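K.L.:
Based on the sequences and whatever the hints tell you, model everything.
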Amino acid sequence: MPVMTPKEFIDINRERFIDELFTILRIPSVSAQSQHKPDMQRCAESLAASLVAAGADHAEVYPTNGNPVVFGEKITDRNAPTILVYGHYDVMPTDPRGEWNTDPFEPVIKDGRIWARGADDDKGQLFMHVKAFEAMCATNSLNCNVKFMLEGEEEIGSTHLYGFCEEYKEMLAADIILVSDTSMIGADVPSITCGLRGLTYMEVEVTGPNRDLHSGHYGGGVANPANVLSRLVASLIDENGHITIPHFYDDVRVFSDEERRDFNSAPFSIEEYKHSLDIGDVEGEAGFTTMERTGIRPSLDVNGIWSGYIGEGAKTVIPSRASAKISMRLVPNQDFSTIARLFEEHFRAIAPASVKVDVKFLHGGAPYVSPTDMPAYKAAEKAIEDVLGKRPLPYYSGGSIPIISGFEKILGIKSVLMGFGLEEDAIHSPNESFGVERFFKGIEAITLFYKYYTESRQ
Numbered sequence: 051m052p053v054m055t056p057k058e059f060i061d062i063n064r065e066r067f068i069d070e071l072f073t074i075l076r077i078p079s080v081s082a083q084s085q086h087k088p089d090m091q092r093c094a095e096s097l098a099a100s101l102v103a104a105g106a107d108h109a110e111v112y113p114t115n116g117n118p119v120v121f122g123e124k125i126t127d128r129n130a131p132t133i134l135v136y137g138h139y140d141v142m143p144t145d146p147r148g149e150w151n152t153d154p155f156e157p158v159i160k161d162g163r164i165w166a167r168g169a170d171d172d173k174g175q176l177f178m179h180v181k182a183f184e185a186m187c188a189t190n191s192l193n194c195n196v197k198f199m200l201e202g203e204e205e206i207g208s209t210h211l212y213g214f215c216e217e218y219k220e221m222l223a224a225d226i227i228l229v230s231d232t233s234m235i236g237a238d239v240p241s242i243t244c245g246l247r248g249l250t251y252m253e254v255e256v257t258g259p260n261r262d263l264h265s266g267h268y269g270g271g272v273a274n275p276a277n278v279l280s281r282l283v284a285s286l287i288d289e290n291g292h293i294t295i296p297h298f299y300d301d302v303r304v305f306s307d308e309e310r311r312d313f314n315s316a317p318f319s320i321e322e323y324k325h326s327l328d329i330g331d332v333e334g335e336a337g338f339t340t341m342e343r344t345g346i347r348p349s350l351d352v353n354g355i356w357s358g359y360i361g362e363g364a365k366t367v368i369p370s371r372a373s374a375k376i377s378m379r380l381v382p383n384q385d386f387s388t389i390a391r392l393f394e395e396h397f398r399a400i401a402p403a404s405v406k407v408d409v410k411f412l413h414g415g416a417p418y419v420s421p422t423d424m425p426a427y428k429a430a431e432k433a434i435e436d437v438l439g440k441r442p443l444p445y446y447s448g449g450s451i452p453i454i455s456g457f458e459k460i461l462g463i464k465s466v467l468m469g470f471g472l473e474e475d476a477i478h479s480p481n482e483s484f485g486v487e488r489f490f491k492g493i494e495a496i497t498l499f500y501k502y503y504t505e506s507r508q
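Per my numbering, residue 51 is the first one in the sequence shown, and the count goes up by one each step.
Derived by calculation from the structure, the hints in this document are not laboratory data. Remember, predicted model here, so these are calculated numbers, not experimental data. Careful: at least some of the hints might be erroneous.
[As the list claims (entries may be wrong)] Heads up, simulated PhoX-like pairs for lysine-lysine below, C-alpha to C-alpha not over 25 Å straight-line:
no., residue 1, residue 2
1, Lys197, Lys464
2, Lys375, Lys219
3, Lys464, Lys432
4, Lys197, Lys459
5, Lys432, Lys501
6, Lys459, Lys428
7, Lys197, Lys428
8, Lys197, Lys410
9, Lys219, Lys57
10, Lys57, Lys410
11, Lys491, Lys160
12, Lys375, Lys410
P.N.:
Set out below in structure tokens:
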């Protein structure tokens, strides 16, 4: 009787795989909100059980000072290559809740897509690895060692995973780290992320009077923190889209004209980009294309800003405080801690004496570059080409996964970023989704990555 292939196993278990993914998606594992702490534990325990059911020798939930880390492994041969799979089970908050067309934690399939928070980022993509592992175990086609490290704090900076890696460095030893937490250029343009921007995330608070004041009695006589904060934030970027913080660009890597031409050779339609976002025009740093602005140039954005009265009707007050959360995406050679220091020094320096300023560094991480000539990249390239029918392009993503550079620093292991998401999946936004066929194509491609990577090491 012929031996079943991993693809055949995947095909006959499609319905079960979706049902099991939905079980994970229903758990509201929102790491940014403390009320979901029990859900983080529940999700970790569910994933550990899934790994054992898939064929792991064992899987455990490791407590940290934050959310738990799931570790599981299957050792087939101590002399064989070892692949360490990284993913995260925490998800972004669902705000604004009213903009969702479906319940974010009650997944549904509609129009060929799975609609739910975490459908793509990163539960759906993480679960591809669990099911690919199961398919290989079930068909006796796993010819290397596999370890899983699944965390619950990626969306808030992976704060406690750095210490976990330091403490369990020997347990986590591997030849390559495999990650699916990234996207491709387009459904018909396969790509592999070979670069990630770094991140510095800050929070600022501007305080004026010791209480909210009547805007008639005091308006024009004292500083309004909301007005001041708006003015300070606006000054951080000039009319040419250039960040005004002194020395911010000192370490930015300057790409050659040839490198820029190669970077811009990837298919990209500015009209389709604007149409998909329903915007009249793009905006950014002068002298650079949209692809460059979001891939190889740094940026600064307000992620949230609040102050005063925002309820129904009118309340004429000068607010006592105004706050904002600000992120800066960084490129190779920029250090996130240096940028945090430069930001704080500048923000304090430009604040007027009429207000007090508090600046907090929330989290950050270094940029990461994945060499395109390493065996793991070549294996991912071949696997994706086999499944999607086109050779994937190397792609510099504008996003950040801060812990990836941490892995290289602490564990001494490179990562290959083999993601299957698309821009249309709307990660971090209302109505997040993930294509059903992308999910299954991803599972298939991951099984081929194992095959090709292991063969390259023999």
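K.L.:
Now tell me if each hint is right for this structure.
P.N.:
Going down the list of hints, with the structure as the test:
1. The suggested pairing of Lys197 with Lys464 holds, with an alpha-carbon distance near 15 Å, which does not exceed 25 Å.
2. This hinted pair does not check out: Lys375 and Lys219 have alpha carbons roughly 34 Å apart, beyond 25 Å.
3. With a CA separation close to 18 Å, the supplied pair Lys464 and Lys432 stays within the 25 Å bound.
4. Under the criterion of a C-alpha separation no larger than 25 Å, the hint pairing Lys197 with Lys459 is consistent with the structure, at around 19 Å.
5. Restraint check for Lys432 and Lys501: the C-alpha separation of about 10 Å stays at or below 25 Å, so the hint holds.
6. Under the criterion of a C-alpha separation no larger than 25 Å, the hint pairing Lys459 with Lys428 is consistent with the structure, at around 23 Å.
7. A hinted pair counts as satisfied when its Cα atoms are at most 25 Å apart, and Lys197 with Lys428 qualifies at roughly 21 Å.
8. Between Lys197 and Lys410, the direct Cα distance comes to roughly 36 Å. Violation of the 25 Å bound is thereby established for this hinted pair.
9. With a C-alpha separation of about 34 Å, the suggested pair Lys219 and Lys57 falls outside the 25 Å cut-off, and the hint is violated.
10. Of the supplied pair hints, the one linking Lys57 and Lys410 is violated, its CA atoms being roughly 49 Å apart against a limit of 25 Å.
11. Taking the CA atoms of Lys491 and Lys160, the gap is about 18 Å. The hint holds against a cut of 25 Å.
12. For the given pair, Lys375 sits about 9 Å from Lys410 by alpha-carbon distance, which is consistent with the 25 Å threshold.
The structure is inconsistent with the numbered hints 2, 8, 9 and 10, although it conforms to all the rest.
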